Amino acid sequence: MPVKNRLRVLRAEREWSQQQLADALAVSRQSVNAIETGKYDPSLPLAFRIADVFGMPIEEIFLRD
Amino acid sequence: MAQIKPAAIRNLKRTGVIMAVYLAGILAAQYLIERQGVSGPLAYSLALVPGFAMAALFWSGGEAIAETDDEFMRMLAVRQHLIAAGFAMSVASVWGMLEMFELVEHINPFFIVVPWAVGIFVGMIVNRITHGVWGQCP
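Protein sequence lines correspond, in order, to chains D and C. Take 1 as the starting number for the first sequence in the working numbering and just add one per residue. Take 1 as the starting number for the second sequence in the working numbering and just add one per residue.
One thing to keep in mind: the hints can contain errors.
[To be verified] One-sided and incomplete, this derived list gives chain C residues near chain D with beta-carbon spacing under 8 Å:
#: 1; residue: Glu67
#: 2; residue: Asp70
#: 3; residue: Met73
#: 4; residue: Phe101
#: 5; residue: His131
#: 6; residue: Gly132
#: 7; residue: Val133
[Said to hold, decoys possible] Residues of chain C clear of chain D, computed beta-carbon distances all greater than 12 Å:
#: 8; residue: Leu12
#: 9; residue: Val21
#: 10; residue: Gln30
#: 11; residue: Gly135
If you are wondering where the hints come from, they were derived from the structure by calculation, not from laboratory data. All figures in this text were calculated on a predicted structure; none of them were measured in a lab. The beta carbon of each residue, even a glycine, is placed where N, CA and C say it ideally should be.
Chain C with its partners taken away, still in its complex shape:
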């Protein structure tokens, strides 16, 4: 059985903490801003918590790449992330144009993480086809 690398374990732990902060932040913001009517600087601070948590998720992905000692696996991970970024930006560009002409519904920009995650999966498939290896799941 394949051994889980220390860098992957660290990334898993980081991701767990970030997702916990994200969930707690979004629940707290929804309750306090939407139900309790909190406003002003406190509302901004509450809304920023889940936003920064998502940003931390991308940082964690980059950190995981930097911590990967195996240069071949690191190269595959970089390819994966480039493909994911390109895929997500392409989706955003196309959707944005359609949205500008009111041909599709408005979607909040933070949903860009969904096509990004799909792009990571697409990157794994591309790696498998071109290099015979899936790479690693971030």
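Excised from the complex, chain D in its bound form:
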């Protein structure tokens, strides 16, 4: 099932760079870029970590396409 996400928008709202978000998630900048561009859907544990970093419920970040 295709999944889209609001990562880029949420990151821009907080004025974070991809590297800053990557550091917060303990992943590579390339991972953040791949998720933002829809080339990679994160695992559930990583998706929860992303939700924790943004302080939002997971379903407000990842949506059905």
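Starting from the structure of chain D, add chain C where the hints point.
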């Protein structure tokens, strides 16, 4: 500048040790078996050292994948290794058929590591095209 991850450093160290064992093993086997005429169980043991060293190289690649914390980079590495394995087995299958009908020279099976390494490089190119990232060089 990109920071080298601890898993990559561990893999580099492992690979260095394995290659040293491989070189020492092959030199010792060549000298003792071919020049000194060592035979029997000792010859088998000597010949197995470089063979097991090559096997350890593949194990090290798998270990490096398992030690990669970043799931996206790990996925790219798995793709790379699958492509490399498929590429190497395809080359072996085609070459084997040609060899069976005596259309090409015999090549020792351990040379399969060469198309495997080429396959790793092909995997990096595929990753770059499909995911925009080269992945990591094992």
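Each hint, compared with the structure:
1. Glu67: violated, 14 Å
2. Asp70: Check passed: Cβ of Asp70 (chain C) comes within 5 Å of chain D, closer than 8 Å.
3. Met73: Hint on Met73 (chain C): holds, closest Cβ of chain D at ~6 Å, below 8 Å.
4. Phe101: Violated, because the Cβ-Cβ distance from Phe101 (chain C) to chain D comes to roughly 44 Å (cut-off 8 Å).
5. His131: Given a least distance of 5 Å, the restraint on His131 (chain C) holds.
6. Gly132: holds, 7 Å
7. Val133: Since chain D brings a Cβ to about 5 Å from Val133 (chain C), closer than 8 Å, the hint holds.
8. Leu12: holds, 18 Å
9. Val21: holds, 32 Å
10. Gln30: holds, 43 Å
11. Gly135: violated, 9 Å
When each numbered hint is compared with the structure, violations occur for hints 1, 4 and 11.
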